[in-house]
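Trainee: So the chains spell out like this:
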Amino acid sequence: MSWRDLLLLQDYNTRVVVSSTALLGCAAGLVGTFTLLRKRALMGDALSHATLPGIALAFIIATATGHNGKSLTVLLFGACITGLMGVAVILVLRNSTRLKEDTALGAVLSVFFGAGMALLGVVQQMKGGHAAGLEAFIYGKTASMGFNDAMLISGVAFVCVLVCLLLFKEFKLLCFDEAFAGSRGVPIVLLDLALMALVVMVCIVGLQAVGLILMIALLVIPAAAARFWTQQLSTIVFISAGLGAAGGMTGAAMSAAFANLPSGATIVLVCSLFFLFSMVFGTNRGVLVRFLRRRRMNRSVARQHLLRAIYEVLESSGDFDQRAVSFASLLDKRSWSAKRLSRSIQSAAQDNLLDQTDGQVHLTDEGINEASRLTRQHRLWELYLITYAEIAPSKVDRDADAIEHVLEPEVVLELEALLKASHANVPPSPHALGTES
Amino acid sequence: MWVALRWDWNLDGWIITVGVLSAVAAALLGNFLVLRRMSLLGDAISHAVLPGLAAAFMITSSRNSLPMFLGAVIVGVLTAFFTEWIRSVGDVDEGASMGVVFTSLFALGLVMIVQAADHVDLDPSCVLYGAIEMTPLDKISVAGFAVPRAALSLGIVALANLAFVTLFMKELKLSSFDPALATTTGFNATLMHYLLMILVAVTAVASFESVGNILVVAMFVVPPAAAYMLTDRLTTMILISVIIAASSAVLGHIAALTVPGWFGYRSTTTAGMMAVVAGLILLFAVAFAPRHGIVVKRVRHHLLGLSILADDVVALLYRMDERGESLRLNANQLATVFLVDRFSIRAVLRWLRLRDQIERSSDGYNLTNEGRTRAQGLIRSHRLWEQYLVTLAGIDADRIHDKAESLEHFTDAELRSRLDQETNAPTVDPHGRPIPNEERS
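For the protein sequence lines, the chains are V and L, in the order given. So the first sequence is residues 1 to 437, counted in full-length UniProt numbering. So the second sequence is residues 1 to 441, counted in full-length UniProt numbering.
Source of the hints: derived by calculation from the structure; they are not laboratory data. Accuracy of the hints is not assured; some may be wrong.
Stated by the list, open to error - Subject to a maximum C-alpha distance of 30 Å in a straight line, what follows is the list of computed BS3-like cross-link-like pairs (lysine-lysine):
1. L/K173 to V/K39
2. V/K70 to V/K169
3. V/K39 to V/K172
4. V/K395 to V/K420
5. V/K172 to V/K339
6. L/K170 to V/K100
7. L/K173 to V/K100
8. V/K339 to V/K395
9. V/K169 to V/K100
10. V/K100 to L/K297
11. L/K297 to L/K173
12. L/K297 to V/K39
13. V/K172 to V/K100
14. L/K297 to L/K403
What the hints assert, rightly or not - Ranges between beta-carbon positions, derived for each pair:
15. L/F410 to V/F281: 38 to 48 Å
16. V/L72 to L/S62: 39 to 49 Å
17. V/H431 to L/D402: 47 to 57 Å
Claimed, not checked - Per the computed footprint, the stretches of chain L lying under chain V, defined by three or more beta-carbons under 8 Å from a beta-carbon of chain V, are:
18. 40-48
19. 81-94
For glycine and all other residues, C-beta sits at the position ideal for the given N, C-alpha and C.
Only chain V is shown next, with the shape it has when bound in the complex:
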């Protein structure tokens, strides 16, 4: 098959498979966002295992009563029943016992799956049991998805999108502040059940079409990846659905293009790549962004420490005309290494706050303004702590050190008003200025 055929979805079978997996990814990404935010990412895992006894039981009962046990409707119905039972048990265990969420999930998952295995053991002895193809429910056969599967998936995806749009506000409340939602009269239990019913629906159509592991992956990975990009729930939902759809589509297309790529696994791996990329480069909580943010913060803190240290040295020498201090006196001022100190001096020199000539650091006009502003801020906070929080003068330095970097101008104005400090000059330090140990 040529690339052109593939990209334009010329082949009928590819078209069905690619569009259904994309729709499924979209629906799973949508629902997965809410379960992830409710810290129930692995609900899909427990649920899809819990459907097994239902499938086996439905087959046994249908066959014993003389109906067609292999009918898709019967099997899906059975899967739904035990899936919902599993959800109910999880909710009861979590809400009315001391067991935690993860234990409830694990217990339901393993016990229900065990029951399913035991029932399958019986199915094997029934006439036609071997041919029942019940295992296909567990592992799924993406490549052989037919038109009926595609219709089922589209229907479920449509319902999911509709419900999520209609109940968006309620789900949002449920995810972020359950107690508040309850106090506002939102029916929490009903909403929770509605959400779980969506998960059950997505899981069951997905299980049947693409298999257990892929279903769990589609519920968890796109949602987890989307969180790295934004804080806004509507955007997370949108990105997650988009990533799910893109993952499903790319994975299915790749597995159609290359001979030896199983489609389910390829879709998962594409989604995992999306996740890795998002984790590193995500613009909101990505590792890289957070690293840069922290480094910028550290630098600005170091800069502020440097300027205040210079100011305090100048203050003790009274040499405000020359505005020059020696490197050695600065080094004694705080517990910083010579290397770190000279690095901050260099970066401050680049911003024209100071210039350095052999062992002497000299503040520029801009530098002295900034330094006195910072020192003033620091001391206002110290005075505030001494006057209003009744902390001993010898103890305030550290506390002020921690907060001075994040004081907003409004807070400083308020401090001035509280302490009746004059606008311009720097108050004297309320404690002895020594060298820091």
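Could you slot chain L onto chain V? The hints should help.
Mentor: Here is chain L on its own, set in the frame of chain V:
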């Protein structure tokens, strides 16, 4: 049905032995997984080891069990490691990071197997999961005895886990409940965590290559969860979980042989039934655990309600006597007064009559002397509390009744005497009604 049980010690005996060893080995470590909220790790590892198996197969191009075992254990530990890494570095919730890791690893393994399958048939379900029914067939000789290989390997794993748990009990306990404190007291909580993860991986892999994955996944979670419902002490919890694990293995095998017979089938999957039996034990513990069970808590709650209702009945009769009312109330009228159903009020009245606290007269109920003593204590508590709330807590006199009403049921003679002292032994309450004296018995 028991007659139909075809029992062969050489076969069933070994199956049960292997099952018990695997269940106990998993349950020992499972306690700490449950406490650390990592219950799903067993499930995650059982899916995630696939690439390890595939890599071992590709490197050695044989299905020799030792390299496969090593590969699986390494990937199992990596699963725990990656989960922790994504959780801490990416700031992703534990369950989600586990979900991302194990599904990705499983998919990777699947792709690797399909690539390798060009050369040799390597069926994932066959490589991954053994069946407990097959274990007695694969025997090796140990000191002259023919022992199933699985019994030997799982025995070693169970012993190693037992040694780990007993030797590092203190460290495990501390690092499970308070990792920060553990680190400050001088041993490495992270090291403990990874030691535990390694043993979990070894146990999981050793179990599911011989007895299948479902058994070990269930035994990591279910027996510890049941034990957690039954006790508040870690040592007791571990002991109970081991007992539950062992008995569900034994009962599970018996159930697998007998239960399908009731419906006219032959035996079914032993591992599945072991998980089901463990689940039933958990269900029982959840319902009937002496302190935390749902049913027990409900019943206790209901009994407390009835005992409070009994208090209220005698107090009402006392107050009516005090006011000199000649009217007597019957059961239905009492039910209307207290807004309860007739069944509860009948039960309470019968109970009070049994204990000789009230007696029935032609037109209603009267207090006996014993009942009067009980009512006197209650009324005294009520009015002392009212006095206390007004004089010492400074609450308005018209808002104290409800508080005193709820406190009176939980106030004993000792507390009453302290209230009496605090309020300077008053004789009347804020509403001007007399406070009865303490009845000396």
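Trainee: Now tell me, hint by hint, if it's right for this structure.
Mentor: For each hint, the structure was consulted:
no.	hint	verdict
1	L/K173 to V/K39	26 Å, holds
2	V/K70 to V/K169	41 Å, violated
3	V/K39 to V/K172	13 Å, holds
4	V/K395 to V/K420	22 Å, holds
5	V/K172 to V/K339	49 Å, violated
6	L/K170 to V/K100	23 Å, holds
7	L/K173 to V/K100	18 Å, holds
8	V/K339 to V/K395	28 Å, holds
9	V/K169 to V/K100	27 Å, holds
10	V/K100 to L/K297	18 Å, holds
11	L/K297 to L/K173	28 Å, holds
12	L/K297 to V/K39	28 Å, holds
13	V/K172 to V/K100	23 Å, holds
14	L/K297 to L/K403	25 Å, holds
15	L/F410 to V/F281: 38 to 48 Å	60 Å, violated
16	V/L72 to L/S62: 39 to 49 Å	42 Å, holds
17	V/H431 to L/D402: 47 to 57 Å	53 Å, holds
18	40-48	holds (count 4)
19	81-94	holds (count 7)
In the structure shown, a violation is registered for the earlier hints numbered 2, 5, 15, in ascending order.
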